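Construct the complete structure from the given sequences, taking the supplied hints into account.
Here the protein sequences line up with chains A and B, keeping their order.
Per this note's numbering, residue 1 is the first one in the first sequence, and the count goes up by one each step.
Per this note's numbering, residue 1 is the first one in the second sequence, and the count goes up by one each step.
The hints are simulated quantities; they were obtained by calculation from the structure and are not laboratory data.
Warning: the hint list may mix true and false statements.
What the hints assert, rightly or not - Listed next, the stretches of chain A that the computed footprint assigns to chain B, with coverage defined by at least 3 CB atoms under 8 Å from CB atoms of chain B:
#1 31-38
#2 50-64
#3 115-127
As the list claims (entries may be wrong) - Here are the simulated DSS-like pairs of lysine-lysine, each with C-alpha atoms no more than 30 Å apart in a straight line:
#4 B:Lys135 to B:Lys61
#5 A:Lys30 to B:Lys83
#6 A:Lys126 to A:Lys30
#7 B:Lys83 to B:Lys126
#8 A:Lys30 to B:Lys93
#9 B:Lys155 to B:Lys15
#10 B:Lys126 to A:Lys126
#11 B:Lys155 to B:Lys135
#12 B:Lys93 to B:Lys155
#13 B:Lys126 to B:Lys15
#14 B:Lys83 to B:Lys63
#15 A:Lys126 to B:Lys93
As the list claims (entries may be wrong) - For the chain A half of the interface with chain B, some residues (derived, Cβ under 7 Å), not all of them:
#16 Arg43
#17 Ala96
#18 Tyr217
Since this is a predicted model, take the numbers as computed values, not measurements.
Idealized CB from N, CA, C, for every residue including glycine.
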Amino acid sequence: MTGTLLFVVLPYVCLAIFVLGHVWRYRYDKFGWTTRSSQLYERRLLRIGSPMFHFGILLVALGHVGGLLIPESWTEAVGISEGAYHAVAFSLGTVAGICTLGGAAILIYRRRTVGPVFSATTVNDKIMYVLLIGVIVLGLGTTVLGNVTGHPHDYRLTVSPWFRSIFYFQPDRTLIEAAPIGFRLHVIAAWILFAFWPFSRLVHVFSAPLGYLTRPYIVYRSRDRQLGSRPVKPGWERVP
Amino acid sequence: MRVMAQMAMVMNLDKCIGCHTCSVTCKQAWTNRSGVEYVWFNNVETRPGQGYPRRYEDQEKWKGGWTLNRRGRLALKGGGRIKKLFSIFSNPKMPAIADYYEPWTYDYENLTNAPLQEHTPVARPKSLLTGEDMKISWSANWDDNLGGSPDHGDKDVLLKGIADKVKFEFEQTFMFYLPRICEHCLNPSCAASCPSGAIYKRAEDGIVLVDQDRCRGWRMCVSGCPYKKIYFNHRTGKAEKCTFCFPRIEVGIPTVCSETCVGRLRYIGLMLYDADRVLDAASTEDEHGLYEAQRDVFLDPSDPAVIAAAEQAGIPRDWIEAAQRSPVYALINRFKVALPLHPEYRTMPMVWYIPPLSPVVDVVRDTGYDAEDKGNLFAAIEALRIPIDYLAQLFTAGDPAPVDLVLRRLAAMRSYMRDINLGRDPDESIPAAVGLTGQEMYDMYRLLALAKYDERYVIPPAHAEQAHSLEELATECSLDYDGGPGMGGSGPFGEQSGSPMPIAVENFHMLVDRQTSDTMVDSGNKELRVNLLNWDGKGRPEGLFPPRDERR
Ligand code: HEM
Ligand code: SF4
Ligand code: SF4
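Here is the structure:
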């Protein structure tokens, strides 16, 4: 029962909130869709913390795409053994994870100690940081502990197929229930983070400005069709 | 030829008295909200001086604007697209609030609430960023009128070459004011630096705007603009800039700064230019050639070929006529007395300046000679190398020749007009000496000295047939700061999130609330608080005054 709730219902509910939440926020609150940069207040700590955190988390995200979406059988088929895969994933993942956590530590320290940044921190930011750090710590902790104790769990046989099964709409909770407790907590925390995502500053991730690489430097646009804040009287519409 | 129209401005620096009226009215109209306390779309700098933000002209440090790369092609000085994306997590060239100043208010409440005491209570300064007590040490015009220049006068970026030559000789001889707004550049590096493409140039009138719904707060434009005329709203997390008062321009009235200018020194008009030639002009190799190159981009609105091309490009007839009457065109291309600010940034700025002759005149007068005699003035221009070099650094990338010519023309105009005013025969050799005819000189005099409102501002409305219905007083409540008595709201995701409220609707609700509510306004209810701008002085709006004590 709780298994179904946590590993079937929760994912779908969170995914729905994640998707619909973003759509809703984009339509309702384009003006609030920003990084809320605090660099104007303080730049020395940000200069170290923010790139460290971001490069770390982007690497982590990339690792998750690889680990969750690519089935073990595929990597095996191209001749990468589980051992080799794990060694690379573990070392890279730990470096990226520590980078992320270190960067986040600097950012949070900055949020607590630098006056103007402290004043500009909202409740929303605090919830976001608690969830985000929770997910990262659980994930990193599980990985590192598993390896230190010498019995790394092959999550690509449990967590990953379960994750994919959600998207085929044939959720199989028995798969994830076979994974150690650390993994299970990590994914539960992650779903909750995803549910909160659209309502936090994290929406900025989805406007990563890749279009900048291809668009012309200077953008020209026409005036709005409606000038001023009153609707145009019938018969006085502008001719195109 | 691709004809485009650009709303442009010229300021006649001789007439600026440094009163800051333009800055204050602009602030009152546009940036009196929280998050933009330190933002001055219009600021007035005393020159020599550091400017605002401090030393913004030091492009070796800030890397704003464009530069020519090794292959001679135009490139962003702050680095190309890839470099921008890699440094997006922390912009290495972004100015800190200390480079502007920490905004503050005063603890006025203490003046009325302090208990009876021996000493007069004071209103202590409180930081608007942290709410803590603070020590005020800088502001947007801290070095106004050369204040404190023994301490920091040498920090003016343009004095790098000149300072050691004659240390502060200019201090006695030479000071003027430089009002600055966004240049609404033809080749805006702010727009080019924006990763999300939120900054755009309006195709109709060339006004450069930030789309607030598309800005994502990457803050690359702040460092991209060499004039530092993009500001970051630290509450909403979005960039803001001078809008050239587009709602006013659209209905044919001048910007707030121009309208209120005490010296009546601002001119607004259209320039037609050839968009196909902008890039070439901005890539001119020799920096000294940039001024001429930009002038060449402008098209003569009376040339039949230009008119035909403009009509083909969809520019309305009344706009072409306005371009023909444009005072800006006359000052830039007919009389050639207006110069661009820092053309070496290669953004092709469109707010131009008539450099001040008055420092020269003052020197001549102080020596007891006739300050309106052409010979004396010409000699003084010749002798005052330092001011002229300084002006050249501002307006012509250091080339003194154009500045020299402008000052000579202004000096010649003084002498020529004196003869006419005194009823003597005009001396036609005077205009000839500076390459003008007598009639041209007289026209120039008219434009500089007498021009009335509708000659100084030739602004065709966006759509004449709509102009009347568009006219409305579009101002936001000046008290609309967080926790203040204004009525702005905070959405669920922080300051001012949620869909924007049309200004007219907001006022409507305010009025309805005021007429229908009969209780004291709940001070926690931001919607209901009194909007002073709506109060016409009649009656007692609820909530403006504490309730009357009935017993008295
Ligand atoms: C995809 C590309 C991304 C870009 C371009 C990006 C960019 C930025 C920028 C410009 C800031 C503002 C920094 C400042 O000036 O204060 C920021 C802040 C932040 N970003 Fe990202 N970001 C990205 C991805 C992510 C991801 C994947 C996460 C986490 C899941 C994340 C979490 C954060 C957090 C927590 C902050 C707030 C830092 C603070 O001020 O305390 N970002 N990001
Ligand atoms: S002066 Fe204005 S248009 Fe030019 S780069 Fe700066 S902000 Fe952009
Ligand atoms: S209002 Fe006019 S005279 Fe006064 S500072 Fe501004 S530009 Fe100069």
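Going down the list of hints, with the structure as the test:
{"no.": "1", "hint": "31-38", "in the structure": "holds (count 8)"}
{"no.": "2", "hint": "50-64", "in the structure": "holds (count 5)"}
{"no.": "3", "hint": "115-127", "in the structure": "holds (count 7)"}
{"no.": "4", "hint": "B:Lys135 to B:Lys61", "in the structure": "holds, 27 Å"}
{"no.": "5", "hint": "A:Lys30 to B:Lys83", "in the structure": "holds, 27 Å"}
{"no.": "6", "hint": "A:Lys126 to A:Lys30", "in the structure": "holds, 22 Å"}
{"no.": "7", "hint": "B:Lys83 to B:Lys126", "in the structure": "violated, 39 Å"}
{"no.": "8", "hint": "A:Lys30 to B:Lys93", "in the structure": "holds, 27 Å"}
{"no.": "9", "hint": "B:Lys155 to B:Lys15", "in the structure": "holds, 26 Å"}
{"no.": "10", "hint": "B:Lys126 to A:Lys126", "in the structure": "holds, 26 Å"}
{"no.": "11", "hint": "B:Lys155 to B:Lys135", "in the structure": "holds, 22 Å"}
{"no.": "12", "hint": "B:Lys93 to B:Lys155", "in the structure": "holds, 19 Å"}
{"no.": "13", "hint": "B:Lys126 to B:Lys15", "in the structure": "violated, 36 Å"}
{"no.": "14", "hint": "B:Lys83 to B:Lys63", "in the structure": "holds, 13 Å"}
{"no.": "15", "hint": "A:Lys126 to B:Lys93", "in the structure": "holds, 28 Å"}
{"no.": "16", "hint": "Arg43", "in the structure": "holds, 5 Å"}
{"no.": "17", "hint": "Ala96", "in the structure": "violated, 15 Å"}
{"no.": "18", "hint": "Tyr217", "in the structure": "holds, 4 Å"}
Hints 7, 13, 17 from the list above are not met by this structure, while the remaining hints are.
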